[in-house]
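Going by my numbering, the first residue of the sequence shown is number 1, and it counts up by one from there.
Hint data in this document are derived by calculation from the structure and do not stem from the laboratory. Virtual Cβ for every residue (Gly too), placed ideally from N, Cα, C. Treat the hints with caution; some may be incorrect.
To be verified - What follows is a list of derived Cβ distance ranges for each label pair:
1) Ser170 <-> Gly407: 39 to 45 angstroms
2) Gln119 <-> Lys410: 46 to 52 angstroms
3) Arg46 <-> Lys10: 18 to 24 angstroms
4) Asp52 <-> Lys10: 23 to 29 angstroms
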Amino acid sequence: MSYEKEYQEKLTTAEAVAGMIESGMVIKLGYFTAKPVTLIQELAKRHDELKDILIVACSTAPPIPEVIQYGETFTWWDWHWSKLTRALRPYFSNIVYGPIAYHMCCEFVRDQTVNQGRQTDWVWQQVGPMDENGYFNFGPTISESITSFEVAKYKCVEVNKNMPRCLGGSQESVHISMIDRIVEAPDDQMIFAAPDVPAPTEVEILLANHLVEYIHDGCCLQLGIGGLPNALGHVIKNTNLKNLGIHSEMFVDAYVDMIDSGQANGSKKNIDMYKAVYTFAVGTQRLYDWMHENSGLAGYSVSYVNDPRVIGQLDNMISVNQALQFDLYTQVSAESMGTEQITGHGGMTDFILGAQWSKGGKSFICMPSTHTTKDGELVSRIVPTFSPGTCTSVSRHLVDYIATEYGIRKLKAQNQWVRTERLIEIAHPQFRDELVQAANDLKIWTRTNKIE
1 MSYEKEYQEK LTTAEAVAGM IESGMVIKLG YFTAKPVTLI QELAKRHDEL KDILIVACST
61 APPIPEVIQY GETFTWWDWH WSKLTRALRP YFSNIVYGPI AYHMCCEFVR DQTVNQGRQT
121 DWVWQQVGPM DENGYFNFGP TISESITSFE VAKYKCVEVN KNMPRCLGGS QESVHISMID
181 RIVEAPDDQM IFAAPDVPAP TEVEILLANH LVEYIHDGCC LQLGIGGLPN ALGHVIKNTN
241 LKNLGIHSEM FVDAYVDMID SGQANGSKKN IDMYKAVYTF AVGTQRLYDW MHENSGLAGY
301 SVSYVNDPRV IGQLDNMISV NQALQFDLYT QVSAESMGTE QITGHGGMTD FILGAQWSKG
361 GKSFICMPST HTTKDGELVS RIVPTFSPGT CTSVSRHLVD YIATEYGIRK LKAQNQWVRT
421 ERLIEIAHPQ FRDELVQAAN DLKIWTRTNK IE
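Please model the entire structure based on the sequences and the hints provided.
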């Protein structure tokens, strides 16, 4: 049978696929920009007919999934909260967070741990059009995708003609022989794209200027999410750095200019030479257009990209991640404040470990020293202790370097007294005295001649 004939035999409607769902089923969705749209819209129409449907997602991207409003029928399990997830949660208690170490995600999908041991009945994922060899490209979301198609009882793809074709690597596509049903998205359906990248803030530029002092020719970079990666890309563009490599969980707009300028060519990488490696991408439409059929990129499964043992094979690995708060014990909160879930852990620990296992590697955890509340009050992000309910994302034992706009300090293998002092040194000046007093009260620091 020709692939085109097989395609036509498996082609159906989103309404028909939604009609095959039965109460008690588990539906695994494509993560990030691979979340289907029309399938979810049709499933929501059946909310009165169904019960106990578990939907497993990650970093929910717009548009808002219609099923979320029907909490009596659907539970929405999100492994890494996006801005949209965070905005919806106060109104819908059926949204549940699940902490994972991202490099282990494929394992969790394969052994059904993510479903509390329940069988994955369906995988629904947005993909690009089928090629002449019968493959549907996963676009910018390789992640755990192929594992879902290996374990789900039934498999359905939502074909989006506007999905960029992103090259491997490995496991960047699924063959039609592994698919049971095909639906086609409307011609005007786009994958989620962020607005234009905003100009870096003054604080982000200060942080980036500190970080670039630790980057030299031939370093391999991993940049996390947020404004800092783009600020760092902006700063690097104005240096003479060359022969940089990229091995990153998330591919972001900042990398485009580094590669186009010739500064990041991957020529010094120990593995995947001359390739910029990633497992998923989220960014502007410019980013997706640039990624389309770009032979300089290599998308891989997260089980490869985020494996600390793989990361550790890359000499001079520089990992840059962001935090929400540090406490005076030098613990890191990067996902919650108090009992409020803000985001997720993702692959932060994967790269913190991998970078420190790398010859010449360094891990940086960064944040602005303050933030301004809704009431206009300036508060320190460096706090004596975390508020009750705040989750520790990174234990103090794993912290290498910390950074704010006031500088960078190395904490690895330092005693508590030194760690606390170094942290206070890069706090906002307005809050240093009270942090010194708090450290004294906690009996983890005593005055020296290093801090006036």
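Quick rundown of the hints versus the structure:
no.	hint	verdict
1	Ser170 <-> Gly407: 39 to 45 angstroms	holds (40 angstroms)
2	Gln119 <-> Lys410: 46 to 52 angstroms	holds (48 angstroms)
3	Arg46 <-> Lys10: 18 to 24 angstroms	holds (22 angstroms)
4	Asp52 <-> Lys10: 23 to 29 angstroms	holds (28 angstroms)
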